[in-house]
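Student: Listed here are the chains, written in short residue letters.
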Amino acid sequence: MSARMNIGSLWQGLMGDKGGAGDRIVPPTGFTAQLTLFSAGAMAFLAVFALALALATGRLADRWSSELAGSVTVRVSAPAADQDALAQAAMTILQTTPGTGTPRRLPPQDVGTLLEPWFGPDMPVDALPVPALIDLPVDAGFDTEGLRLRLEAEVPGAVLDDHTEWRRPLVTAANRLRMLGIVSLLLIGAASAAMITLAAKAALAANVQVIRVLRLIGARDLTIATAFVRRFTRRAAMGSAVGTLAGMAGIAILPDTSAAGGFMTGLGFQGWDWLLPLTIPLIAAVVGFAATRWAALNMLEAVR
Amino acid sequence: MRDVGFGYHGQDELLSGMTLTLQPGMFHFLTGPSGSGKTTLLRLCFADLLPSSGQMTAFGQDMRALSRDDIADLRRRVGVVHQDPQFLDHLPVAENVALPLTIAGEAVDMEALRDLLGWVQLTHHARALPPSLSGGERQRAALARAVILSPDLVLADEPTGNLDWEMSMRLMQLLIELNKSGKTVLVATHDLNLIRATKAQVTARVLRITGGSLHLAGADL
Chain P
72 MSARMNIGSL
82 WQGLMGDKGG
92 AGDRIVPPTG
102 FTAQLTLFSA
112 GAMAFLAVFA
122 LALALATGRL
132 ADRWSSELAG
142 SVTVRVSAPA
152 ADQDALAQAA
162 MTILQTTPGT
172 GTPRRLPPQD
182 VGTLLEPWFG
192 PDMPVDALPV
202 PALIDLPVDA
212 GFDTEGLRLR
222 LEAEVPGAVL
232 DDHTEWRRPL
242 VTAANRLRML
252 GIVSLLLIGA
262 ASAAMITLAA
272 KAALAANVQV
282 IRVLRLIGAR
292 DLTIATAFVR
302 RFTRRAAMGS
312 AVGTLAGMAG
322 IAILPDTSAA
332 GGFMTGLGFQ
342 GWDWLLPLTI
352 PLIAAVVGFA
362 ATRWAALNML
372 EAVR
Chain V
2 MRDVGFGYHG
12 QDELLSGMTL
22 TLQPGMFHFL
32 TGPSGSGKTT
42 LLRLCFADLL
52 PSSGQMTAFG
62 QDMRALSRDD
72 IADLRRRVGV
82 VHQDPQFLDH
92 LPVAENVALP
102 LTIAGEAVDM
112 EALRDLLGWV
122 QLTHHARALP
132 PSLSGGERQR
142 AALARAVILS
152 PDLVLADEPT
162 GNLDWEMSMR
172 LMQLLIELNK
182 SGKTVLVATH
192 DLNLIRATKA
202 QVTARVLRIT
212 GGSLHLAGAD
222 L
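Protein sequences appear in the order of chains P and V.
Mapping of the first sequence onto the working numbering: position 130 corresponds to residue 201, and the numbering continues sequentially without gaps.
Mapping of the second sequence onto the working numbering: position 102 corresponds to residue 103, and the numbering continues sequentially without gaps.
If you're looking for bench data, these hints aren't it; they were derived computationally from the structure.
From a predicted model like this one, the values you see are computed outputs, not experimental measurements.
Be aware that one or more of the hints could be misleading.
Partial chain V-side listing against chain P, Cβ under 10 Å, derived [stated by the list, open to error]:
no.: 1; residue: F60
no.: 2; residue: G61
no.: 3; residue: D63
no.: 4; residue: R69
no.: 5; residue: H83
no.: 6; residue: L150
no.: 7; residue: R197
Backbone N, C-alpha and C fix where the C-beta goes; we use that ideal spot for every residue, glycine too.
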């Protein structure tokens with residue numbers, strides 16, 4: 072017996088009616104209808120958040136990765152009397168290093184801004200032994216280790232920080248979060264399929280007598296299955312549409328944290344990303360269609 | 002069927018060595034004591050059961066070689082009326098009667114449906130739900146459902162088992178009319194009076210099951 076996916080049947084499951092006669096052979100079943108609607112809605116709601124998490128952490132990982140690869144910082148720590156001279160020596164080396172852009176020494180006010188979260192806005196940077204900081208854009212494949220050795224040899228107190236130490240774990244964490252989001256989506260899909268299968272089986276079991284009558288008057292398995300499949304496909308699509316819209320509304324009203332920066336920045340959908348959750352009801356319909364069809368055809372095998 | 006035997010799981014053969022050919026356009030009675038296998042024989046005829054041995058063909062097809070879809074197609078050519086007919090209780094009588102058309106994907110001719118309901122005298126119950134019908138009305142609704150696809154063969158398993166004599170004769174009259182219109186009819190019943198009353202109106206072949214075997218009944222009927 073064939074349990075092939077059939078796009079035509081799926082479309083008919085969602086939109087087809089033919090006057091409702093085919094659908095009406097299955098008696099209305101309140102419990103399984105509500106169970107399917109609720110579970111599809113709840114799963115779609117969760118899927119929206121899992122999708123948002125996967126997209127946001129993906130963006131975060133991409134951004135951190137590109138920043139990791141795009142620049143390095145040279146920190147020059149020296150007594151105040153020598154700091155300018157050593158910083159200038161480092162600048163000279165950096166300007167002649169292949170694979171780099173124009174180095175830029177951070178002015179005191181920028182250093183003050185960086186330290187502001189720890190020392191407050193009124194901190195006199197000049198009064199502190201703050202190292203000179205030089206930002207250096209680098210190309211992909213830049214020889215970090217070569218520059219580090221040269222700076223150690225020629226500029227005492229100069230340390231090259233390629234951000235690896237603190238950014239790489241964050242990128243790894245972001246990538247793992249993205250993977251968790253994707254795994255969550257898959258689990259939500261599998262759980263939805265399981266719940267719809269159970270609901271469909273419950274509906275089929277409650278209607279064995281109906282199935283028996285239909286078989287006796289010449290109904291093919293596919294005809295009977297289609298009546299159930301159509302109903303469950305619609306319920307899955309409707310429930311998940313409501314859940315998806317609720318989830319998207321929830322994402323939309325999340326506070327905008329972009330001004331504060333940090334990890335929460337960008338959690339949600341940006342631009343065309345907002346179209347992605349709209350595929351959830353369609354995927355739910357496909358899952359509902361496949362799960363119900365599988366359950367129905369298997370169960371009908373047992374009824375002669 | 003030729004030399005057909007059948008036994009339920011783990012039991013001795015209920016039917017054995019049965020050979021029978023239903024004559025097209027003929028009215029047949031199948032009689033015998035309770036438990037003799039009348040219902041089993043009828044169920045074999047619409048592939049609700051498959052024989053344990055022997056050969057059984059319907060419309061030129063070996064019934065043991067039929068796929069599930071083939072069986073469904075076969076059942077569209079065989080109308081069946083049970084002693085206790087089952088319906089889809091959530092659908093009105095008219096929709097139940099038209100159900101074979103619906104599941105066959107054929108359009109329902111409302112005028113023809115009204116005529117059919119009129120023939121079985123259920124016009125006024127067209128919108129009623131099956132649980133509200135009496136025993137006789139259920140049997141007539143089942144008969145209407147059985148013939149709506151214009152089957153070649155009509156099987157009736159103790160169709161009058163739950164009916165009084167007057168209602169039984171009304172139902173038999175419908176079956177006689179069907180037979181006169183060219184349909185092959187096989188009615189299983191243990192009611193000899195019913196057989197005699199019917200034979201007064203139509204030529205009928207009477208088959209009797211005794212001891213798991215089939216015999217042509219003679220002049221005693």
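Student: Next step is simple, just say for each hint if it's right about the structure.
Tutor: Consistency of the hints with the structure:
| no. | hint | result |
| --- | --- | --- |
| 1 | F60 | violated, 13 Å |
| 2 | G61 | violated, 18 Å |
| 3 | D63 | violated, 17 Å |
| 4 | R69 | holds, 6 Å |
| 5 | H83 | holds, 8 Å |
| 6 | L150 | holds, 7 Å |
| 7 | R197 | violated, 30 Å |
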